[in-house]
Amino acid sequence: MKLTHLLSASFLSLFSTVALSATFTFTAIPDEDESQLRTRFDKVADYLTEQLGVEVKYIPVKSYSAAVTAFRNNQVQLAWFGGLSGVQARRLVPGSEAIAQGFEDQFFKSYLIAHKSTEMAASTNFPLLNDYTFTFGSKDSTSGRLMPQYFIEKNTGKPIEQIFKRIGFSGDHSRTISQVEAGVYQVGAVNYKVWDTAVENGDVDTSKVKVIWESPTYPDYQWTVHSGVDEKFGAGFKEKLTKTLIGMTDKDLLASFPRESFVPAKNSDYEPIERVAKTIGMLD
Amino acid sequence: MIAYSRYSFVGHWQKITLLLLLMVSVCWFFADTEVIALDPWSELGRMWQGFVHPDFFATEYLLDALWQTISFALFGITIGLLLGFPLALWYQHPLVAAMCAFIRAIHEIFWALIFLQIFGLSAITGILAIALPYAATFARVFADILQQAPMHTLFSLPKGTDKLSAFIYGRWMHMYPQIVDYIRYRFECALRSSAVLGFIGMPTLGFYLESAFRQGHYQQGGALLILFVLLIGSIRFWAKPIMLWLYLPLAVYFLPPIPVIDSQLIWRFISVDVLPPMLQGQPFLSWFDTDKLAQLVNWSYTLISQQVFPGMVATLVLAFCALGLTHVLTLVLLPFNTRLMMPKVVILIMRAVNLILRSLPEYLLAFVFMMLLGPSMLPAIIALALHNSGLMVFLMSRQADSVSVPLTYRPRIDQYSYLVLPAIYPHFMGLLFYRFEVIIRETAILGMLGVMTLGFYVDSNFSEIRFSGALLLLVFTAGLNVVVDYLARRLLHYPRNRLQAC
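In order, the protein sequence lines correspond to chains A and B. For reference, each letter of the first sequence is one residue, going 1 to 284 in my numbering. For reference, each letter of the second sequence is one residue, going 1 to 502 in my numbering.
Don't take every hint at face value.
To be verified - Subject to a maximum C-alpha distance of 20 Å in a straight line, what follows is the list of computed SDA-like cross-link-like pairs (lysine to any residue):
(1) A:LYS165 x B:PHE30
(2) A:LYS278 x B:SER468
(3) A:LYS43 x A:THR23
(4) A:LYS116 x B:LEU38
(5) A:LYS208 x B:GLY45
(6) A:LYS208 x B:ARG46
(7) A:LYS57 x B:LEU255
(8) A:LYS278 x B:GLN295
(9) A:LYS266 x A:LEU92
(10) B:LYS240 x B:GLN178
(11) A:LYS208 x B:LEU44
(12) A:LYS116 x B:LEU44
(13) A:LYS165 x B:LEU38
(14) A:LYS57 x B:PRO257
(15) A:LYS278 x B:PRO277
(16) A:LYS57 x B:ASP64
(17) A:LYS165 x B:ASP32
(18) A:LYS266 x A:GLN106
(19) A:LYS165 x B:THR33
(20) A:LYS57 x A:GLU231
(21) A:LYS158 x B:GLN306
(22) A:LYS57 x B:TYR61
(23) A:LYS158 x A:PRO127
(24) A:LYS210 x B:SER42
(25) A:LYS278 x B:GLN306
(26) A:LYS278 x B:LEU303
(27) A:LYS154 x A:LEU128
(28) A:LYS165 x B:GLU34
(29) A:LYS208 x B:ASP39
These aren't lab readings, by the way, just hints derived from the structure by calculation.
All chains should be built: construct the whole structure from the sequences, respecting the hints.
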């Protein structure tokens, strides 16, 4: 056993270096439906390979923090980040840039949803949330955690711990919906696109749970590229990449994200997100 | 002894059991066990539909995931053994023992999250995350097993026999069957660990399993779960020792490509990431400036008072409640699992039930119960208790079967309680207290589900990219486990037995 292992380890180290030279690698986690990740994004990789003339590979990740780590370690040079994870990543990798965002991400928003037992109705005024149980989505989500927490604290003038009877993190937008529908939590914060899709597909019983408040808009998902890609993949690579992303018109590819199209973006678009993250203490 | 004579009818194990029940009821009083869910049936219906109509084709690269689950477990065990054997020989040394206790105390998931920073999303991360804590466990268990080796062969060896031969013939060979037995059992644990590592991004079954359940794709989730239970249930058919010579080279061959290890990443991790924010990038000498020290004290105080302390209390409360429930459940289920009480048919059915209970990751059990009972501690308690009693019953039924009973014995509950239970009870308690250590470690995963244990705060720190905070919490987590392990050993005067550890 020992010998096999030693031999194999030395073999491996030979192969591994070859396997990764000059491949442009990216990662992406869509905000809805994470099934068939590799199958879907390998098609995006094929499209990028074709357009950019370098080998492009997709690596699946499980969470935004894993994506940030992979980006920071230069294991991926391009990533489809959420608003907050993009800010985290660009702070950790100086010189990295937001180059494109989804069309919808220019004016993204969150919904507060409530179980019917709360008897709250949809309103443009901020609802009275005292003493309800409440769930966010994932801890590091922009639309399921960061912005909702900010809007709630801003509108009530109190930290969330003093408002709700119980605060949870469902871990995912679809789970926030199913948990509020089941009454596990009375109120929840959810990504508007995930909610709209769920209603459209009939995955949610709107007689049991409905939207009670719609947040102001903010910038969200974006493509962020590593510093130094121009040196590694040739001058003008970043520009070419930006054009290729924005020029993506194939509905099938865009559905993986899912976005209508991609539009140009820049780092300063995300200053509001960074400010908010600092306000609620998620960034130092 | 005279002073205690009034209570002498209460035996040693009764005292320990009463003490345990007292602790559990105190914790249960403080635990948050409110039942909240109002309307769980439509979601539970969807889950049920998923299990009734599992979709085995919904998962991409399914064979790949199955194979990687096995391959990570194989590598983890192999490297764990290579490290664990030498450590076992040095285990008498208190430093080695303490180091191993510390390493064991940190859950595989957290090891993986640490290695993720150093090695990135690579097979090394997953394999080391299994190998390291397993090595520490092997060290302790092998040391325990080897100590039981009879001495007579050692004395009968000719004079001048070299140390290595003396060790191999005199001690090792005596215990060889036990050691192989334990490794085989540990392989089952490694498969579970390997799957669970998928939750944080390793390409094993857990990767797809977690996504499927989190996003409500229950048909896919049901199929994956069925496959996983079958994989574990059929170990003895496909994992014969001789087959390892085939599997290991295959595992090496099919390992996903490993990115080059960047020594800068390792250096950055130990020189920057682990430092509290105010010390990062500061010259070493300035660390001792008064304002820096004040900031450091402030930082640690905030972390300890807002995260470590509440996390620790919640962890202990949850673990004690789960321990109490495990105790009761195991005692209730055990009679149904021993040939001294039940006919063969019942035992076969119960074996299947046990297999399912112990194969299901607690995370998923807790997830289902959360729908049913709401977001209190209750789902986590029940999940931990079910999983652990499944394991306890599996291990204890072998013990119960081997108890020798008089010919007049009839399979009735009174005779069972009088003849069988007392014979296995000390062992049962030993195992239970060992499980306590495991339960505390496992609260980590439930923390990721939102129960505010230490694991919850560790996970939060990792997701906010605050590694120094995460590491401080991990040190306290490990410390807690080491203390619990020590106290449990003291309380029980641990009878040494291989079955105590998993």
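Against the structure, the hints come out as follows:
{"no.": "1", "hint": "A:LYS165 x B:PHE30", "result": "holds (17 Å)"}
{"no.": "2", "hint": "A:LYS278 x B:SER468", "result": "holds (18 Å)"}
{"no.": "3", "hint": "A:LYS43 x A:THR23", "result": "holds (16 Å)"}
{"no.": "4", "hint": "A:LYS116 x B:LEU38", "result": "holds (10 Å)"}
{"no.": "5", "hint": "A:LYS208 x B:GLY45", "result": "holds (16 Å)"}
{"no.": "6", "hint": "A:LYS208 x B:ARG46", "result": "holds (16 Å)"}
{"no.": "7", "hint": "A:LYS57 x B:LEU255", "result": "holds (17 Å)"}
{"no.": "8", "hint": "A:LYS278 x B:GLN295", "result": "holds (18 Å)"}
{"no.": "9", "hint": "A:LYS266 x A:LEU92", "result": "holds (17 Å)"}
{"no.": "10", "hint": "B:LYS240 x B:GLN178", "result": "holds (16 Å)"}
{"no.": "11", "hint": "A:LYS208 x B:LEU44", "result": "holds (15 Å)"}
{"no.": "12", "hint": "A:LYS116 x B:LEU44", "result": "holds (19 Å)"}
{"no.": "13", "hint": "A:LYS165 x B:LEU38", "result": "holds (16 Å)"}
{"no.": "14", "hint": "A:LYS57 x B:PRO257", "result": "holds (13 Å)"}
{"no.": "15", "hint": "A:LYS278 x B:PRO277", "result": "holds (15 Å)"}
{"no.": "16", "hint": "A:LYS57 x B:ASP64", "result": "holds (18 Å)"}
{"no.": "17", "hint": "A:LYS165 x B:ASP32", "result": "holds (12 Å)"}
{"no.": "18", "hint": "A:LYS266 x A:GLN106", "result": "holds (11 Å)"}
{"no.": "19", "hint": "A:LYS165 x B:THR33", "result": "holds (14 Å)"}
{"no.": "20", "hint": "A:LYS57 x A:GLU231", "result": "holds (19 Å)"}
{"no.": "21", "hint": "A:LYS158 x B:GLN306", "result": "holds (18 Å)"}
{"no.": "22", "hint": "A:LYS57 x B:TYR61", "result": "holds (16 Å)"}
{"no.": "23", "hint": "A:LYS158 x A:PRO127", "result": "holds (14 Å)"}
{"no.": "24", "hint": "A:LYS210 x B:SER42", "result": "holds (16 Å)"}
{"no.": "25", "hint": "A:LYS278 x B:GLN306", "result": "holds (19 Å)"}
{"no.": "26", "hint": "A:LYS278 x B:LEU303", "result": "holds (18 Å)"}
{"no.": "27", "hint": "A:LYS154 x A:LEU128", "result": "holds (13 Å)"}
{"no.": "28", "hint": "A:LYS165 x B:GLU34", "result": "holds (12 Å)"}
{"no.": "29", "hint": "A:LYS208 x B:ASP39", "result": "holds (9 Å)"}
Every hint from the earlier list agrees with this structure, and none is contradicted.
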